[in-house]
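Student: Taking my numbering, I'd label the letters of the sequence shown as residues 56 to 192.
It should be emphasised that the hints constitute simulated quantities derived from the structure, not laboratory data.
In this text the structure is predicted, and so the values were computed from the model without any measurement.
C-beta: ideal position from N, C-alpha, C; glycine also.
Nothing false has been slipped in among the hints.
Here are the simulated DSS-like pairs of lysine-lysine, each with C-alpha atoms no more than 25 Å apart in a straight line:
hint, residue 1, residue 2
1, K154, K104
2, K157, K101
3, K154, K101
4, K104, K157
Computed beta-carbon distance windows for the label pairs:
hint, residue 1, residue 2, range
5, Q82, E108, 34 to 44 Å
6, I136, E108, 19 to 29 Å
7, F63, N115, 16 to 26 Å
8, Q82, L144, 30 to 40 Å
9, I121, F63, 11 to 21 Å
10, R122, D83, 17 to 27 Å
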Amino acid sequence: KSLIFAGFLESLWRDIDLNRLHSDSSQDLNLIIISHGLASRVFLMKWFKWTVEQFERLNNLGNCEIRVMELGHGGEYSLAINHSDEELLEWGLSPEMIKDQKWRIDGNKADWNDHCTWYLRSFFDYESDSEDDVERS
56 KSLIFAGFLE SLWRDIDLNR LHSDSSQDLN LIIISHGLAS RVFLMKWFKW TVEQFERLNN
116 LGNCEIRVME LGHGGEYSLA INHSDEELLE WGLSPEMIKD QKWRIDGNKA DWNDHCTWYL
176 RSFFDYESDS EDDVERS
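Whole structure, please, built from the sequences with the hints as guidance.
Tutor: This is the structure in structure tokens:
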């Protein structure tokens, strides 16, 4: 089952990213995903590029609970358009994650790497090089 879900997420991600689902640009596109809490958290983690630590902070959705991702003015989806800081905190988002959601309301995709340095830090070790390391380069 997990492979089927992973395949679904990858297909959905590609279809949205490549605008395959939006055939008429004059009409808005709305998608509704009905899912269990864990699967919803995995989807949000993948979509917002959250780290494992950030994912583990999140709470599962309650019965009939919803999360609304809306497209912001700069082309990024955000949870902060339809949900308050208090709601985001209750769901387990850290202040840093909430700040990112607010940035996404008006933020431009081209500026994302500059804005979200925490994402890059999760993959790279920023310890300073010793003089020996620099000389070997």
